[in-house]
Structure formats: C-alpha cells, structure tokens
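Final position of the sequence shown in numbering that gives the first Met the number 0 is 227; the numbers increase by one with none missing.
These are calculated hints, taken from the structure and not from any lab test. Just so it is clear, CB atoms sit at the ideal spot from N, CA and C, and this is done for glycine as well. Do not take every clue at face value.
In silico DSS-like pairs for lysine-lysine, Cα to Cα no more than 27 Å straight-line [said to hold, decoys possible]:
1. 123 with 213
2. 76 with 63
3. 63 with 44
4. 76 with 227
5. 213 with 227
6. 76 with 44
Have a look at the derived ranges for each label pair, beta carbon to beta carbon [as the list claims (entries may be wrong)]:
7. 111 with 54: 44 to 52 Å
8. 40 with 94: 27 to 35 Å
9. 225 with 16: 36 to 44 Å
10. 123 with 58: 37 to 45 Å
11. 58 with 97: 29 to 37 Å
12. 217 with 190: 15 to 23 Å
13. 213 with 40: 32 to 40 Å
14. 202 with 158: 17 to 25 Å
15. 65 with 119: 32 to 40 Å
16. 72 with 206: 35 to 43 Å
17. 58 with 203: 44 to 52 Å
18. 43 with 217: 35 to 43 Å
19. 188 with 133: 16 to 24 Å
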Amino acid sequence: MNPYPLSPDDFEMPRSRTLADQALAGLREGILSGRLAPGSALSLKAMAEWLGMSPTPIREALQKLALEGLVDLDSFKGARVAPLSVDHVRDLYSWRILIEVDAVRRAVPNVTDEAVEAATRCLKAYGEAYAANRPDIARHRHRDLHFALYAANQTQWISRLVDPLWQNSERYQRIASSMRGSGPDLVAEHQVLIDAWVSRDPERAAAAMADHLKRSVDLIVNYLENNK
Numbered sequence: 000m001n002p003y004p005l006s007p008d009d010f011e012m013p014r015s016r017t018l019a020d021q022a023l024a025g026l027r028e029g030i031l032s033g034r035l036a037p038g039s040a041l042s043l044k045a046m047a048e049w050l051g052m053s054p055t056p057i058r059e060a061l062q063k064l065a066l067e068g069l070v071d072l073d074s075f076k077g078a079r080v081a082p083l084s085v086d087h088v089r090d091l092y093s094w095r096i097l098i099e100v101d102a103v104r105r106a107v108p109n110v111t112d113e114a115v116e117a118a119t120r121c122l123k124a125y126g127e128a129y130a131a132n133r134p135d136i137a138r139h140r141h142r143d144l145h146f147a148l149y150a151a152n153q154t155q156w157i158s159r160l161v162d163p164l165w166q167n168s169e170r171y172q173r174i175a176s177s178m179r180g181s182g183p184d185l186v187a188e189h190q191v192l193i194d195a196w197v198s199r200d201p202e203r204a205a206a207a208m209a210d211h212l213k214r215s216v217d218l219i220v221n222y223l224e225n226n227k
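With these hints in hand, go ahead and build the complete structure from the sequences.
As structure tokens, this is what we get:
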C-alpha cells in the first residue's frame, strides 16, 4: 500500500529536469504541504515506488533536503521528516525578521509604479487562490508577494539569503495561516504590508513587516505548545 497520501500527479513535477530534481520537487512539496507529516519515516523503497524511479535519485534528493533542514538523516534510523519545535521556529524567525525587515526598509526608496502593480497582482492572485479553495496555489502566491516586496532592493543577495529561510519556514507558515482567519483576512493583513511599502516611508514598511512576522511566531508557538 502506498504510504503517501498524494501522488506525483497532485503537484507540478519538473519533468524536463533530472530524476534527482524531480524527486527533490516531489518530496519537498509533500513536506511543505504537510502531507508528509513532521517526524514521519521516509522509506526509500516506498518513495521509489511512489515517485516511479530508482532509489539513487531519491538518496540525492534526501541529502539536499537534509541541508535545507527539512529532513533528518540518521545512519541507524534512516530518513525522517524533520519535526517541528518551538526552539526551531524562534531561531528560524529571528533570522527572517533580521533579514526581511531590513530588506523591506532598503527596498522602499526603489519602489516604482511597476513594482507596486506587480505586488498588487501577487496579492490579488493570493486571494483568488484562497477563494478557489486552493491553499497549495495560495502558498506559492504568498511567496511571490513577499519576494515582490524584497525585489525592489535591487540586489541578488536578498533572494539568496531569504530563500532557504523561507523554504524551511513554509511548514510553520501553513500553521500560522490556518489561525489567521479567512482568505479575505489574510489578504487584508498583507494589504497592510503593501500600503506601508507604497507609503515610501522605510521605517513604516519595516515596522509593518516586523509586526507581521512576529505575529506568525506568536501564533505558531502558541499552537505547538498547546499541541504537544
């Protein structure tokens, strides 16, 4: 019996890339979506059957996911989805706050009308995904929105620094989103970020982003402490 509650047909698999890339995309999507639960064992044989490939590219994918902090590898216990913890979320978000708040602050002087339009389109797509009951798509549009705010920074280093932190926090963001209210509530909260960004006031934009991320930490920590 297939132990995984989704198939490769349930997400966008990069067919044109290597098998290791396909395995990486499939396993990452399973973990970030929550379908592969924190702490669950990742059987090499079962994953090979699930993804329809040999164990070799899956081993390579697991090594990369371990570097991202999404998988724990143990020579005796094998591979498991990394667990969620209060200590981890506090550490992870302390770095996100440090980098992303400053990224927004530095981006504000470079905000153009085109950048505002791009961020607004991302927010609209985010809301539409929730309205269509597609949280999987909403998760990607949420990322697009945040990175649109950082893109005005006009440096490639922001993406390089934020991306691994973002990947690792996706599972926590799923928890926070579920406690933030409805789709319209989520859109309204992110509209505050755009409004502060458009104000051309760097400190207002930085404060809005800090409040947004700190609220995530509070919601996630509260959830984890009450669901031990």
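Okay, the hints, checked on the actual structure:
Restraint check for residue 123 and residue 213: the C-alpha separation of about 24 Å stays at or below 27 Å, so the hint holds. With a CA separation close to 18 Å, the supplied pair residue 76 and residue 63 stays within the 27 Å bound. Restraint check for residue 63 and residue 44: the C-alpha separation of about 18 Å stays at or below 27 Å, so the hint holds. Pair hint residue 76 plus residue 227 holds up; C-alpha atoms about 22 Å apart against a cutoff of 27 Å.
For the hint linking residue 213 to residue 227, the alpha-carbon distance of about 21 Å falls within 27 Å, and the restraint holds. A C-alpha spacing of about 15 Å is found between residue 76 and residue 44, which places the hinted pair at or below 27 Å, so the restraint holds. Distance hint for residue 111 and residue 54: a CB-CB separation of about 49 Å, consistent with the stated range 44 to 52 Å. Our hint of 27 to 35 Å for residue 40 and residue 94 holds, since their Cβ atoms are close to 29 Å apart.
The hinted window of 36 to 44 Å between residue 225 and residue 16 holds, with their beta carbons roughly 41 Å apart. Evaluation of the 37 to 45 Å hint for residue 123 and residue 58 yields a pass: the beta carbon distance comes to about 41 Å. Look at residue 58 against residue 97: about 34 Å separates their beta carbons, and that is inside 29 to 37 Å. Under the hint 15 to 23 Å, the C-beta atoms of residue 217 and residue 190, about 20 Å apart, fit the expected range.
Between residue 213 and residue 40, the C-beta spacing of about 34 Å keeps the proposed range 32 to 40 Å intact. About 23 Å separates the C-beta atoms of residue 202 and residue 158, a value consistent with the hinted range of 17 to 25 Å. For residue 65 paired with residue 119, a C-beta distance near 38 Å keeps the hint of 32 to 40 Å intact. Take residue 72 and residue 206: their Cβ atoms lie about 40 Å apart, and the range 35 to 43 Å holds.
Checked against the given bound of 44 to 52 Å, the beta carbons of residue 58 and residue 203, roughly 48 Å apart, stay inside it. For the pair residue 43 and residue 217, the beta carbons lie near 38 Å from each other, so the given range of 35 to 43 Å is met. For the hinted restraint 16 to 24 Å between residue 188 and residue 133, the CB-CB distance of approximately 19 Å keeps it satisfied.
The earlier numbered hints are all upheld by this structure, with none contradicted.
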